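Student: For reference, the chains in residue letters:
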Amino acid sequence: MNLFDFFVGPFVTYGFMSRALVGAVVIALSAAPVGVFLMLRRMSLTGDAMAHAILPGAGVGFLLAGLEILPMTLGGFAAGLIVALLAGLVSRLTIQREDTSLAAFYLISLALGVMLVSLRGSSVDLMHVLFGTVLALNNDALIMIGAVATISLVSLALIWRPLFAECLDPNFLRSVSGAGQAVHLIFLALVVLNLVGGFQALGTLLAVGLMMLPAAAARFWVKRLEALCLVAIGIGVASSYLGLLFSYYLSVPSGPAIILVAGAIYLLSLLVGNRGVIRTRLVPPRHRIA
Amino acid sequence: MAIELRDLTLGYDGHPAVHHLDGTFADGSLTAIVGPNGSGKSTLLKGITGILKPLGGSIERGKTPTRNIAYLPQSAEIDRSFPATVADLVALGHWRSRGLWGVITGTDYGAVREALEAVGLRGFEDRALDTLSGGQAQRALFARVMLQDADVILLDEPFTAIDEKTTADLIALMRRWHGEKRTVVAVLHDIHMVREVFPDALLMAREPVAWGSTAEALAPDNLLKARRMTEAWDEHAPWHEGHTHQHGRAA
Ligand SMILES: Nc1ncnc2c1ncn2[C@@H]1O[C@H](COP(=O)(O)OP(=O)(O)O)[C@@H](O)[C@H]1O
Ligand SMILES: [Mg+2]
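Chains as they are written, first to last, in this note's numbering: chain X, 1 to 290; chain L, 291 to 541.
FYI, nobody ran anything at the bench for these hints, they're computed from the structure. Worth double-checking, as some hints may not be accurate.
[Claimed, not checked] Only part of the chain X face toward chain L is listed, based on derived beta-carbon distances under 8 Å:
| # | residue |
| --- | --- |
| 1 | C167 |
| 2 | D169 |
| 3 | S175 |
| 4 | L225 |
As the structure is a prediction and not an experimental result, all values here were calculated from the model. Built from N, CA and C at the ideal position, the CB exists for glycine as well.
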């Protein structure tokens, strides 16, 4: 077997492999920049919470229509948005902080979602929803992923500047523009959108992996926002490709393989990145003078 | 332009932090706001910028929209670990003229460079924010205020934990804005500096204690009164006079 056969062969020979690659790469492309902003806003765990929140909506879609993409995606999107808005509302109306109310809502959602899917389906269906089936992406699913990525990237480009300002200096943005709140909501919608986009392939629980792990890893390599987004995309794409390759040759589940590769890249970056443990320990950092 | 406060009450979640404030920042005035930590100075500035809606009373800003107010938050509120360059931060000052989706042009970058030069940060455009010292970061924020080119300038503790050289440079800049007939309001802790630089002062202790010419507003009996009022509601509220380097809870 030559190198080409080894590295490219599976994707040429098998339609399901090439579709899986296209799907995962497009998800990585779209989700990684969103993950970068989540990380910079110190909302890394919010992505995780939202991923759980999608489940009851997808469950309702499943109850009504079975394992069909559109109903499950729309249901998941609606459920995710509702939880995000409710959590924000509770923190505004009561003394409870947003992280706590978010945790409460997503736990309710997770239980409700598992319950709903189990009502009609088997445990295989449940596994399907929770962990996805990147190797079974059909054309409808690919179109859905493409649409999600397009909407997401265009929206992100449109709100880039206010989002940047909102992260860096929220009070400044509030002093010059009333757009901060709207931008925050659009951003939350993008988080949910990318999670439902990824959930066909990776499942609700792992979709957040292609969002957060590349962003977290990129932080150890570069400093500028644009560079962070590009490096995160690169890491996401590489993880998708390598993960599928591992999955093919080692006969391991593809979703977890992709996320584990991203996880390995994260750990590697943590150790040897420009701003990782080894370099910042061997070469002491420049000290800030307050 | 003048800013008139009429029986203004501001606060958070329905709890007032500034009570029944009446008075005017006259057009082109240079006013210092002085008072212990927690006395509502930052809250008042947020009210004037429009970030906080009044719980009672009103703020008259004339015909000028709130966009014509440049506001410099207390430095602790800016995330300096954010991956941005000095130019990115300063260019936010173009917001009013460029709007939400406006394109930053080459001329705009020229303006950023000029503003950085004016605050003594020539050549700092591409430096990452997290490599700046506190004084340099404050200079950059002053450059952003310059770009905003606003009629009203509100500065919240601009000199806290800033070295003397930087403070002197930035005070000169503030005087220049005053000379350009802008209305400048700054929250300060250093009473000697206030007496030296600011014609007007507002002394706060949750409620306004005195507002007028600095000599009168910061007369010893007023300071004593503010101290007493402060002690009445919080025995441990820190009260600074003269130079301070400690710095209470950032709000
Ligand atoms: N975001 C906030 N939420 C609730 N209370 C606040 C907030 N910011 C300030 N406060 C309270 O309002 C009061 C006035 O605070 P502040 O205006 O920051 O005082 P100063 O700037 O004079 O130190 C304090 O009691 C403070 O605890
Ligand atoms: Mg304050």
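Student: Checking against the hints above, which ones are violated?
Tutor: No numbers; nothing is violated.
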